[in-house]
Amino acid sequence: MSATASHTTHARPQAKPGRTVRFRIKRCDGPGKPVRWETFAVKPEAGANIISCLQQIAASPVTVDGQKTTPVAWDSGCLEEVCGACTMVINGKVRQSCSCLIDEYAPNEGDEITLEPMSKFPVVRDLWVDRARLFDALKRVKAWVPIDGTYSLGAGPRESAEQSESRYVMSTCMSCGCCLEACPQYQVEESPEKWPTSFIGAHAMNQARLFNEHATGAVLKGARLDTLMGEGGVNDCGNAQNCVQVCPKHIPLTESIATIGRSVTIHAIAKWFRG
Amino acid sequence: MAQHRVIVVGGGLAGLAASARIAEAGLAVDLFSVVPVKRSHSVCAQGGINACNEVARQQGYSEYEHFDETIYGGDFLADQHPVLEMANWAPRIIDLLDRMGVPFNRTSEGYRDLRLFGGSLFKRTHFSGATTGQQLIYALDEQVRRYESEGQVTKYEFWEFLWPVIEDTAQGQRCVGIVAQDMRTMQIRAFRADAVVMATGGCGLVFGKSTNSIICTGAAAARCFRAGVWYGNPEMIQVHPTAIPGADKLRLMSESARGEGGRVWVPRKKGDSRPPRDIPEADRYYFLEERYPAYGNIVPRDIATREIFSICVNDGLGVAGENQVYLDLTHKDPEYLTRKLGGILEIYEKFVGVDPRHEPMKIFPAVHYSMGGLWTSFTKGSYNPDAARAKHKSGTRPPILAEVGQGMQLGALNNAQTNITGLYAFGEVNFAYHGANRLGANALLSCIFDGLFCGVSVANYVRDGAPAKTPAGDLSSAGYDRVVAQEQQKVKRWVDSASAGAAEPRTNPYIIGKELGDEMTAACTVVRHQTRLTQCAGKLAELRERQDAATLADGASWSNQALGYARALSDMLVLAEAIARGATERKESRGAHYRTDFPDRDDANFMKTTLAKHQGGTTSLEFVPIDASLILPTARTYGKKDDKPAAKPAMAASAS
Numbered sequence: 001m002s003a004t005a006s007h008t009t010h011a012r013p014q015a016k017p018g019r020t021v022r023f024r025i026k027r028c029d030g031p032g033k034p035v036r037w038e039t040f041a042v043k044p045e046a047g048a049n050i051i052s053c054l055q056q057i058a059a060s061p062v063t064v065d066g067q068k069t070t071p072v073a074w075d076s077g078c079l080e081e082v083c084g085a086c087t088m089v090i091n092g093k094v095r096q097s098c099s100c101l102i103d104e105y106a107p108n109e110g111d112e113i114t115l116e117p118m119s120k121f122p123v124v125r126d127l128w129v130d131r132a133r134l135f136d137a138l139k140r141v142k143a144w145v146p147i148d149g150t151y152s153l154g155a156g157p158r159e160s161a162e163q164s165e166s167r168y169v170m171s172t173c174m175s176c177g178c179c180l181e182a183c184p185q186y187q188v189e190e191s192p193e194k195w196p197t198s199f200i201g202a203h204a205m206n207q208a209r210l211f212n213e214h215a216t217g218a219v220l221k222g223a224r225l226d227t228l229m230g231e232g233g234v235n236d237c238g239n240a241q242n243c244v245q246v247c248p249k250h251i252p253l254t255e256s257i258a259t260i261g262r263s264v265t266i267h268a269i270a271k272w273f274r275g
Numbered sequence: 001m002a003q004h005r006v007i008v009v010g011g012g013l014a015g016l017a018a019s020a021r022i023a024e025a026g027l028a029v030d031l032f033s034v035v036p037v038k039r040s041h042s043v044c045a046q047g048g049i050n051a052c053n054e055v056a057r058q059q060g061y062s063e064y065e066h067f068d069e070t071i072y073g074g075d076f077l078a079d080q081h082p083v084l085e086m087a088n089w090a091p092r093i094i095d096l097l098d099r100m101g102v103p104f105n106r107t108s109e110g111y112r113d114l115r116l117f118g119g120s121l122f123k124r125t126h127f128s129g130a131t132t133g134q135q136l137i138y139a140l141d142e143q144v145r146r147y148e149s150e151g152q153v154t155k156y157e158f159w160e161f162l163w164p165v166i167e168d169t170a171q172g173q174r175c176v177g178i179v180a181q182d183m184r185t186m187q188i189r190a191f192r193a194d195a196v197v198m199a200t201g202g203c204g205l206v207f208g209k210s211t212n213s214i215i216c217t218g219a220a221a222a223r224c225f226r227a228g229v230w231y232g233n234p235e236m237i238q239v240h241p242t243a244i245p246g247a248d249k250l251r252l253m254s255e256s257a258r259g260e261g262g263r264v265w266v267p268r269k270k271g272d273s274r275p276p277r278d279i280p281e282a283d284r285y286y287f288l289e290e291r292y293p294a295y296g297n298i299v300p301r302d303i304a305t306r307e308i309f310s311i312c313v314n315d316g317l318g319v320a321g322e323n324q325v326y327l328d329l330t331h332k333d334p335e336y337l338t339r340k341l342g343g344i345l346e347i348y349e350k351f352v353g354v355d356p357r358h359e360p361m362k363i364f365p366a367v368h369y370s371m372g373g374l375w376t377s378f379t380k381g382s383y384n385p386d387a388a389r390a391k392h393k394s395g396t397r398p399p400i401l402a403e404v405g406q407g408m409q410l411g412a413l414n415n416a417q418t419n420i421t422g423l424y425a426f427g428e429v430n431f432a433y434h435g436a437n438r439l440g441a442n443a444l445l446s447c448i449f450d451g452l453f454c455g456v457s458v459a460n461y462v463r464d465g466a467p468a469k470t471p472a473g474d475l476s477s478a479g480y481d482r483v484v485a486q487e488q489q490k491v492k493r494w495v496d497s498a499s500a501g502a503a504e505p506r507t508n509p510y511i512i513g514k515e516l517g518d519e520m521t522a523a524c525t526v527v528r529h530q531t532r533l534t535q536c537a538g539k540l541a542e543l544r545e546r547q548d549a550a551t552l553a554d555g556a557s558w559s560n561q562a563l564g565y566a567r568a569l570s571d572m573l574v575l576a577e578a579i580a581r582g583a584t585e586r587k588e589s590r591g592a593h594y595r596t597d598f599p600d601r602d603d604a605n606f607m608k609t610t611l612a613k614h615q616g617g618t619t620s621l622e623f624v625p626i627d628a629s630l631i632l633p634t635a636r637t638y639g640k641k642d643d644k645p646a647a648k649p650a651m652a653a654s655a656s
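Sequence order for the protein chains is H and R.
Residue numbering for the first sequence follows this note's numbering, starting at 1 and increasing by one per position.
Residue numbering for the second sequence follows this note's numbering, starting at 1 and increasing by one per position.
Because the hints were derived from the structure by calculation, they are not lab data.
The reader is advised that the hints may include incorrect statements.
Stated by the list, open to error - Restraint-style ranges between C-beta atoms, simulated for each label pair:
#1 289/R with 35/H: 57 to 63 Å
#2 404/R with 35/H: 57 to 63 Å
#3 463/R with 30/H: 40 to 46 Å
#4 33/H with 323/R: 23 to 29 Å
#5 219/H with 615/R: 52 to 58 Å
#6 35/H with 618/R: 45 to 51 Å
#7 30/H with 485/R: 23 to 29 Å
#8 238/H with 289/R: 52 to 58 Å
#9 26/R with 250/H: 52 to 58 Å
Every residue, glycine too, gets a C-beta built ideally from N, C-alpha and C.
Whenever a hint applies, use it, and build me the whole structure from the sequences.
Structure (structure tokens):
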């Protein structure tokens, strides 16, 4: 071993070149259609990830049993874990599929990888789900700074490096939905009328905190807390703390939930005193 | 009379900035995107956004110098007035983003921190970690969501733009809407609009693997081109010097890695197999630093790319005999690196399994950006000197102060408008600002500038132009129905071909797409020459023929992604031809376009825009004069070799 090997982030298993990996994929042709499982054999190229294997399957959609089928549908975008699109459940755990390297997950001949769509959102087709509710939650918590407009009005509020770094981490949330998939309190809800009273999830509470902590964003703090003290708000959190475990951006989600919890308490007391 | 509506196609930085500005002007906006807008490709931009700032200003920098650098960096191919206006607006744009809450890195005193970037000797790049694009698009996404919640913006996400609806009128052609398809339900329908803004980004997928997102097919631009919109400088494709090779894409390793001190090197001795840390300084060849003493590792991208390519391909000095060189940050404090570059170091760590804080990264160039794009016009502003001036001397007093309207006239109806009235092109999809090579951290700027500055032109056009007399809502439906029928016909052709299982390689769209990418990468990237380009033309003809006979593995009438890909591929082939044709007919070398058979720049014949037009299924090319009335062209050497190196400015202050 060379002296530099000690600096590798994590020891990666030596993957066997030329091996065949099996992909067991949960498929569904559309809403209300039956679910079926199909298995494909793929020879991953060097550095392959789930995406490059799904691309191979798309070019040649034939199962291990020789059955001709349709290409698997899935959602993807940047392929470098910054857009959040390609989130799915891989071997039972939610994550982005682009950063899931086959050499790590299936280093040996015949290893199998299971792919499923996220279970907390309605399936569009196969591995592709509809996360509209997630974006709707951002509207509910008014996740924006209410600026006066786009005309030139000088710089924004000055802030310390520490403050900016703390907001930066919260602001790296790519709305992927991992925190929601892992949350026992968050359940699939297809009808938009029920969204306002269903649990909003960790990501939205983090966004509320992000904007509450901005000097101009704080103008809407009261409105955000009004939303989060009601049904589906912070009190619905069961404190399982799964969210923070699965967040690919390492956002301190439980800290954000706790902060919102405290703010909501103070907000409620203040409202009570004001009558 | 129906309410005026504007359609924006594309929800990246340009599309979101346009939506916010046009909504603010009181017009209803329909925003179309193939992905939820927050997932647009702008998230991939890493390094930062350029703007003159107070620290640089006090060292002698100015908006004018930013303009000068951009023109020089682009090798004198860009029309100059729009670039001047963009540079003048840059500080205002930073302030606006700051007000929107972008967490820009801060100094210990709480001011916005700055970093060095390619093509400048001054720190003029504002940044938010190493995920600046992500942070900027989130800020604009949030503002647009605010307009959405107020009912001013309506989003059509997972809808794909299929074709512009263009009416022939007595005054010429006018765009009055689009036809689009919901990629979940597969519904195709027409949408009326008084103006349409294309903000659909670049075309990296034409080259197969690139630094671009999987959605950057260039199909939307190609469809406009096929519908009669002119395309400028198609051959100007930027190959970024530093990317991480990968099976599915080539992941960008930001220029900021070099801006923050990263050094590019190879072992001096061919076949030196020692681990990089065991190779002493004397045995390392820091070829950019040795060849460009003034700029060193931060020479512009086209130059760095060619040097890296040449070190590996011509000199055979690539690390481990392969096409890769070291990008080394290990001499910097790991904590500093995490604070300044955390996002990109994590990408490397995640995908390669090595920590770049402790081990040099292995990188190689990759297709990154399209300087070329839909041709757009503009109205010149108030700064019109009697004669073009000599290149600006770095750090000296500028001839003008930055005032609104010196470069382009604010609100002129034709700013960023294509040759079709009412059809605008903003951001990477146009050809306007970057000439033959884009400077790092100017892309985010040009996208937002277009949205904010040229968005005013769109609003004015809707109020004062043709739509004021005849709103799209009052037009007969015949023109719309015709385009819907055309697009339904295309879908039918594909669905009729479908049968489950793999098509044979000859007629398999995925195989055709892969061959297209391989061919374009081999013939039309770092090094080009006549023989290879002629061969490329033949290959493209073969691929077009195969694509006509191609078949699908999926005939589903619900969420059919195979159909979406195959249809886009037909359009990508048209764009590929325009790129290759431009590369063939531009018989000179300029910026990113390097011809081994014509290694010199030829201003007399080619300081001109390549204008591609598509009619009746054929592409024709012409070279048209540019606006070069502000700065005289000079040789673009960046102080290479014997040239007297440009003086370094007084210690560029960093507050960090």
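Hints, verified against the model:
1. Residue 289/R and residue 35/H have their C-beta atoms about 59 Å apart, which keeps the hinted 57 to 63 Å range intact.
2. Distance hint check: the CB atoms of residue 404/R and residue 35/H are about 59 Å apart, consistent with the given range 57 to 63 Å.
3. At about 43 Å, the CB distance of residue 463/R to residue 30/H agrees with the hint of 40 to 46 Å.
4. The hinted window of 23 to 29 Å between residue 33/H and residue 323/R is violated, with their beta carbons roughly 46 Å apart.
5. Residue 219/H and residue 615/R have their C-beta atoms about 54 Å apart, which keeps the hinted 52 to 58 Å range intact.
6. For residue 35/H paired with residue 618/R, a C-beta distance near 49 Å keeps the hint of 45 to 51 Å intact.
7. In this structure the supplied range 23 to 29 Å holds for residue 30/H paired with residue 485/R, their Cβ-Cβ distance being about 26 Å.
8. Between residue 238/H and residue 289/R the CB atoms are about 57 Å apart, so this pair conforms to the stated range of 52 to 58 Å.
9. Look at residue 26/R against residue 250/H: about 42 Å separates their beta carbons, and that is not inside 52 to 58 Å.
When each numbered hint is compared with the structure, violations occur for hints 4 and 9.
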